[in-house]
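Asks: Listed below, chain by chain, are the residues.
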Amino acid sequence: MAQVLKEKIAALDKLAPGVFKMTLKSEIIAQTALPGQFVNVKCSEGLNALLRRPISICNVDRDSNTFDIVFQIKGIGTEYLSQKKVGSEVDIIGPLGNPFRVEGEFKKIAVVGGGIGIFPLLNLLKASSAEHKDAFLGFRNKELIVLEEEFTQASDQLFISTDDGSAGHKGLITDLFINEIDKKKYDIVYTCGPTPMIKKVVEIAHKNNIRCQVSLEQRMGCGIGACLVCACKTRLGDEWEYSHVCKDGPVFWSNEVIFD
Amino acid sequence: MNNNVDLSVNIAGLKLKNPVIAASGTFGFGREYAEYMDLNKLGGISVKGLTLKPRQGNKPPRIAETPAGILNSVGLQNPGVEAFIKEEIPFLRQYNLGIIANIAGNTIEDYCEMAEILGDADIDAIELNVSCPNVKAGGIAFGTSCAGISEITKRVKAYCKKPLIVKLTPNVTDIKETAKAAEDSGADAVSLINTILGMAIDIHRRKPILANNMGGLSGPAVKPVAVRMVYEVSKTVKIPVIGMGGITTGEDAIEFLLAGAAAVMVGTANFVNPAACLDVIHGMEAYLRQYHIGCVSEIVGKLELNQ
Ligand SMILES: Cc1cc2nc3c(=O)[nH]c(=O)nc-3n(C[C@H](O)[C@H](O)[C@H](O)COP(=O)(O)OP(=O)(O)OC[C@H]3O[C@@H](n4cnc5c(N)ncnc54)[C@H](O)[C@@H]3O)c2cc1C
Ligand SMILES: Cc1cc2nc3c(=O)[nH]c(=O)nc-3n(C[C@H](O)[C@H](O)[C@H](O)COP(=O)(O)O)c2cc1C
Ligand code: FES
Chain A
1 MAQVLKEKIA
11 ALDKLAPGVF
21 KMTLKSEIIA
31 QTALPGQFVN
41 VKCSEGLNAL
51 LRRPISICNV
61 DRDSNTFDIV
71 FQIKGIGTEY
81 LSQKKVGSEV
91 DIIGPLGNPF
101 RVEGEFKKIA
111 VVGGGIGIFP
121 LLNLLKASSA
131 EHKDAFLGFR
141 NKELIVLEEE
151 FTQASDQLFI
161 STDDGSAGHK
171 GLITDLFINE
181 IDKKKYDIVY
191 TCGPTPMIKK
201 VVEIAHKNNI
211 RCQVSLEQRM
221 GCGIGACLVC
231 ACKTRLGDEW
241 EYSHVCKDGP
251 VFWSNEVIFD
Chain B
1 MNNNVDLSVN
11 IAGLKLKNPV
21 IAASGTFGFG
31 REYAEYMDLN
41 KLGGISVKGL
51 TLKPRQGNKP
61 PRIAETPAGI
71 LNSVGLQNPG
81 VEAFIKEEIP
91 FLRQYNLGII
101 ANIAGNTIED
111 YCEMAEILGD
121 ADIDAIELNV
131 SCPNVKAGGI
141 AFGTSCAGIS
151 EITKRVKAYC
161 KKPLIVKLTP
171 NVTDIKETAK
181 AAEDSGADAV
191 SLINTILGMA
201 IDIHRRKPIL
211 ANNMGGLSGP
221 AVKPVAVRMV
231 YEVSKTVKIP
241 VIGMGGITTG
251 EDAIEFLLAG
261 AAAVMVGTAN
271 FVNPAACLDV
281 IHGMEAYLRQ
291 YHIGCVSEIV
301 GKLELNQ
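Chains as they are written, first to last, in my numbering: chain A, 1 to 260; chain B, 1 to 307.
Any given hint could turn out to be false.
As the list claims (entries may be wrong) - Between beta-carbon pairs, the in silico distance windows are:
#1 B:ARG93 - A:THR152: 18 to 28 Å
#2 B:ARG205 - A:TRP253: 29 to 39 Å
#3 B:LEU305 - A:TRP240: 36 to 46 Å
#4 B:HIS204 - A:GLU105: 22 to 32 Å
#5 A:ASN255 - B:GLU87: 24 to 34 Å
#6 A:GLU143 - B:ASP174: 49 to 59 Å
#7 B:GLY301 - A:GLY237: 15 to 25 Å
#8 A:PRO17 - B:THR107: 50 to 60 Å
#9 B:ASP174 - A:ASP163: 33 to 43 Å
#10 B:ILE299 - A:LYS14: 25 to 35 Å
#11 B:GLN56 - A:THR32: 27 to 37 Å
#12 A:GLY115 - B:LYS161: 49 to 59 Å
#13 A:GLN31 - B:ILE293: 44 to 54 Å
Read the hints as simulated data drawn from the structure, not as lab findings. Backbone N, C-alpha and C fix where the C-beta goes; we use that ideal spot for every residue, glycine too.
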C-alpha cells in the first residue's frame, strides 16, 4: 500500500545533459515496489510547481534499502528536483500504480523503450526470471544514451537506435524489434515511451501474436485514483470507458487500450 | 489554559464535528483517501459531482498546472446517482462524517429527479452544483443568472428533504446578486467558489494544454478572489456560507471564517498532501488556542475592516 514518505537522498548524479539519477533511501519502496510502479514526487517546497510529478521506479536495491529514479528535465518540477541536495529529504507518495506482469509463464521477453520510457523497463528486466531477455532502447542521439551498462547486464541482448544515427541503428527502435521477432519468438513484449512508438509496438505485437503490455503517461492530479484527471480510453465489451492511468495503470494490456 | 476547543458547527441543520469538508471532485467518494487518513476526523465530504446517468467526462488532458494552481476539465466523470446510493453511501457511512451529495444536470428536471431519488438516501445535505464550468450539463447555464438560480433552487427545494446548499460560480459580474437569488428562493446555505474559468497554452504546439481548451482554475492562486467573494456574500445573505478556494492550511481556513464562512471546503490541496484536511483542522485548532477562543463559531465574520 502506498504511503506518504519523506526519504533521504543518498546520491544524485548527472547521467547525460539534463538527465539525472537520484538514489533515495527507502525501506518501504525498496522492499515493496513492483516493476512498473511509480512514485509521485513533490519537487518543490511551497506553491511553485504545486502538483507532484509522477516518476517511475527505475531500480530497487533490497540489500541497501534504496531505490533509483532517473528523470529528464522537462519543466520547472524536474528542474527543482535536479537541484536538491544529497542528504536532504524528498516528499514522495509510493509505490503507486498497477505493475507489469512478470510471472514465470513468459520465457522469452522483450522490452521496447524510448526516451524517458526506458526507466521502468530496467526494473522489469531485473525482476523477471525469463530465460531470454532482449532490450530495445531508442534515444534521440548518442549524448542522451543512459544506463547502457545497467541494461546490458540486465538483458541477454541490447539493441540501441538513435534518431540521428550518432550511435546504434539510425532510425526507429521498432525497426530493430521487427528484425528479431522471427528468430526470437517472444512470449511477451513490454513497452513504454512516446505514444507513436507504443502504437507501433502494439501493432507489431498484435500482428505477430505476441502478448504485449504498455505503460502509459498522462498528466495527473492526485495520483491515487480520486480526481479522475488522468483518463485514458480502454475497452469495455464492445464499448469503451475512461480508465485512469495512476490507478488502473500505468501498465495495461495492449488489447485493453484504445489509442485515438 | 483550556485545551479543548469546540470545533463543531451547525450549518442550517447540517451538523458537523468540525468545519472542514473535502471539496467535491477532489476527494472522489473518500475511498482512496481512506488509505492516507482517518476519515472519521473529517467534518464532512462533498462527493464527486453526480449526474442522473453515469458520465464518461471530457477527453484528456484534463489538467494543467498554472502558477500556484491548476486548471481542470474533468467534465463530471461519475458513476451516476443510483450507483452512488448503492455503492458509495454504505462505504462512507462506516465513518463518522457528514455526507453531502453534489449534484449536476442538464435540465431542471434532471436536478429535481436526482433530489427526489436522493430523498430517501442516507445523506446529510445536497449541494446543487450550478457552477461547473466544464460541461454544458454542469448547470452553469443556471448558475450565471439570478433568474436561472431562482428557478432551479425553488424547484429542487420542493423535492429536497435535506439541507440544500447552492454552490455558486465566481464567473459572474456580481456574486452578491446570485447569492441573494439563491437565498430568496429557499437555499439553506450557499457554498463558494467553484472554479474560475481559465486557459493555459502550450506555446510550442500553439494549442491549449487542456483537450477541452478551457478549464476551471483552483488552488492557492484563487484564494484572494475567493476570500473577497465569501466576504461580500456573507455580508449580503443571512443563510450560512461555506467558503473555499485555495485553502491549504489552518491559517487559510481562518481567513475564510473571519470573512464570514461558517465552514470551509478543501479541494486542490488534497492532491499535494492527501492529509491536507487534517492539517487544516489542526492549524485551525492551534489558532483558536493561541487566541484563547473556545468555540470556532465565535470567530465567524469577526473581520474588522480598516477604517
Ligand atoms: C507513470 C509515469 C511515469 C513517469 N516516469 C518518468 C521517469 O521515470 N522519468 C522521467 O523523466 N519522466 C517520467 N515521467 C514523466 C514526468 O512525469 C514528466 O516529465 C514531469 O511530470 C514533467 O514535470 P515538469 O515540471 O518538469 O514539466 P512541466 O511541463 O513544467 O509540467 C507541468 C505539468 O504537466 C505535467 N506533465 C508534463 N509532462 C508530463 C508527462 N510526460 N507525463 C505526465 N505528466 C506530465 C507535470 O507533472 C506537471 O503537472 C513519467 C510520467 C508518468 C505518468
Ligand atoms: C479536479 C477537480 C474536480 C472538481 N469537480 C467538481 C465537481 O464535480 N463538483 C463541484 O461542485 N465542484 C468541483 N470542483 C471544484 C471544487 O469543489 C472547488 O470548488 C474548487 O476547486 C475550489 O477549491 P480549491 O481551490 O480548494 O480546490 C472540482 C475541482 C477540481 C480541482
Ligand atoms: S491523477 Fe487523480 S485519478 Fe489519476
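Asks: Taking the hints in turn, state whether each one holds.
Replies: Verification of the supplied hints:
no.	hint	in the structure
1	B:ARG93 - A:THR152: 18 to 28 Å	56 Å, violated
2	B:ARG205 - A:TRP253: 29 to 39 Å	30 Å, holds
3	B:LEU305 - A:TRP240: 36 to 46 Å	55 Å, violated
4	B:HIS204 - A:GLU105: 22 to 32 Å	43 Å, violated
5	A:ASN255 - B:GLU87: 24 to 34 Å	27 Å, holds
6	A:GLU143 - B:ASP174: 49 to 59 Å	58 Å, holds
7	B:GLY301 - A:GLY237: 15 to 25 Å	54 Å, violated
8	A:PRO17 - B:THR107: 50 to 60 Å	56 Å, holds
9	B:ASP174 - A:ASP163: 33 to 43 Å	56 Å, violated
10	B:ILE299 - A:LYS14: 25 to 35 Å	51 Å, violated
11	B:GLN56 - A:THR32: 27 to 37 Å	33 Å, holds
12	A:GLY115 - B:LYS161: 49 to 59 Å	56 Å, holds
13	A:GLN31 - B:ILE293: 44 to 54 Å	46 Å, holds
The structure fails hints 1, 3, 4, 7, 9, 10 (numbered hints given earlier, in ascending order).
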